[in-house]
Amino acid sequence: MWNDPVNLMNYVEWVFHSYFAYPREQAHRLMLAVHQDGKAVVATGSREKIEFDVQAMHNYGLWATMQRSEEG
Amino acid sequence: MAHPFVFSPFSDGSYLAYLTTGERFYLVQIAGEVIELLGQDHMVAPDQDDAAGEQDPTRGAPEVRVPDLPQLNRVLAGLSGEPFTDVPTDPAVRRLVPDASLDPEVAAEFRKFTDGDIREAKVTRLVNFASALMEATPSRDEDEHVEFAVSRQDAAEVAMALTDIRLVLGDRLELVNDDSTEELHEFLERTAAVEDLAEEDERRYLLGMLFALSGYLQESLVECLLDDGQGVPPAL
Chain A
20 MWNDPVNLMN YVEWVFHSYF AYPREQAHRL MLAVHQDGKA VVATGSREKI
70 EFDVQAMHNY GLWATMQRSE EG
Chain B
416 MAHPFVFSPF SDGSYLAYLT TGERFYLVQI AGEVIELLGQ DHMVAPDQDD
466 AAGEQDPTRG APEVRVPDLP QLNRVLAGLS GEPFTDVPTD PAVRRLVPDA
516 SLDPEVAAEF RKFTDGDIRE AKVTRLVNFA SALMEATPSR DEDEHVEFAV
566 SRQDAAEVAM ALTDIRLVLG DRLELVNDDS TEELHEFLER TAAVEDLAEE
616 DERRYLLGML FALSGYLQES LVECLLDDGQ GVPPAL
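Protein chains in written order, with the working numbering: chain A, 20 to 91; chain B, 416 to 651.
Okay, chain A solo, but in the shape it has when bound:
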């Protein structure tokens, strides 16, 4: 997940909370990680699941990209 200067912090937190069903504190921490570090890994899983998640994030107006984990 990439940081952007447009999306509001509480919106990003709400997306993580409502879509990934992360608890509020975890959603808040992840939002801050994206905001402060410019990007963060917000979800991992099978290729099919991640493709679905990336599409959902784009639907929410957040910019997510996927990459293959280095361990394979």
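Some clues are possibly wrong.
As the list claims (entries may be wrong) - Derived coverage of chain A by chain B (criterion: at least 3 residues anywhere in the stretch with Cβ under 8 Å from a Cβ of chain B; other residues may be distant): (1) 28-41; (2) 61-75.
Stated by the list, open to error - Per label pair, the in silico range of CB-to-CB distance: (3) B:Tyr433 - A:Phe71: 34 to 42 Å; (4) B:Val421 - A:Arg87: 40 to 48 Å; (5) B:Ser566 - A:Phe71: 20 to 28 Å; (6) B:Arg555 - A:Gln86: 51 to 59 Å; (7) A:Ser65 - B:His418: 39 to 47 Å; (8) A:Gln86 - B:Leu612: 41 to 49 Å; (9) A:Gln45 - B:Ser554: 41 to 49 Å; (10) A:Leu51 - B:Glu610: 40 to 48 Å.
To be clear, the hints were calculated from the coordinates, so they are not data collected in a lab.
Glycine included, C-beta positions come from ideal geometry on N, C-alpha and C.
Could you slot chain B onto chain A? The hints should help.
Positioned in the frame of chain A, the structure of chain B alone reads:
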């Protein structure tokens, strides 16, 4: 300025904001512009331009964008027309339907299967948002704030529509980092009268006010959603 979203006092499970007729009008207008952007801009990818141009000089200049109404109608109708498979030439559209991978090949493959669905979902949300805004009777009194009610069920979709509006405004306002967003807010605060502004600043002021308004509405609406403990994702 609009009054932000709060819980409805009538315990009917809706959220209420208050907008002037002018604010409503501007929001409908920008929603329409975003819908139009989503219905077009499926030109050839920049890296394919040259090759395509050499092979077929009649392929037209990708710089000229003519609103493609049949394409828009297909998006609106939810019919599967030609899928959008090329990288959008307009950076605002590229932000609405971004690359799914830093690897262009993976991104292109992903776009082939998802781009149309994402555009269609966004268009539907924006159409619903604009329709809801138009439901209220316009007021002759330009300072009168008229109620804008959003049901709990529709709130997520409205918040998402506001994001797409802000993404386009953010691109047009050249908000490339947090500093430029901060600068815009300072500019809006120190501008007392729009009449005194130079033409370019006037545009920045109007788009900026709309950016601030949509952010204000979105932030308060999302606050309501978070306080309501809504954890159900909207359907894709």
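**Report entry** Range agreement (Cβ of A:Phe71 with Cβ of B:Ser566, hint 20 to 28 Å)
**Finding:** Holds: the Cβ-Cβ distance is about 27 Å, inside 20 to 28 Å.
Report task. Take a look at whether the Cβ-Cβ distance between B:Tyr433 and A:Phe71 falls inside 34 to 42 Å. Result -> 38 Å, holds
Report task. Evaluate the given range 41 to 49 Å for the C-beta pair formed by A:Gln45 and B:Ser554. Result -> 44 Å, holds
**Report entry** Outcome for the supplied range 40 to 48 Å, where the beta carbon pair is A:Leu51 and B:Glu610
**Finding:** For B:Glu610 against A:Leu51, whose Cβ atoms are near 41 Å apart, the range 40 to 48 Å holds.
Report task. Using the Cβ atoms, figure out if A:Gln86 sits within 41 to 49 Å of B:Leu612. Result -> 45 Å, holds
**Report entry** Outcome of range test on Cβ distance (B:Arg555, A:Gln86; 51 to 59 Å)
**Finding:** 56 Å, holds
Query raised in the report: Do three or more residues from the stretch 28-41 of chain A put their C-beta atoms closer than 8 Å to C-beta atoms of chain B?
Result: With 8 residues closer than 8 Å to chain B, the stretch 28-41 of chain A meets the three-residue bar; holds.
Query raised in the report: Taking 8 Å as the C-beta cutoff, is the stated coverage of the stretch 61-75 of chain A by chain B satisfied by three or more residues?
Result: Satisfied; 4 residues make the cut.
Query raised in the report: So does B:Val421 sit 40 to 48 Å from A:Arg87, Cβ to Cβ?
Result: Between B:Val421 and A:Arg87, where Cβ atoms are some 45 Å apart, the hint holds.
Query raised in the report: CB of A:Ser65 to CB of B:His418, is that within 39 to 47 Å?
Result: 46 Å, holds
No hint from the list above goes unmet by this structure.
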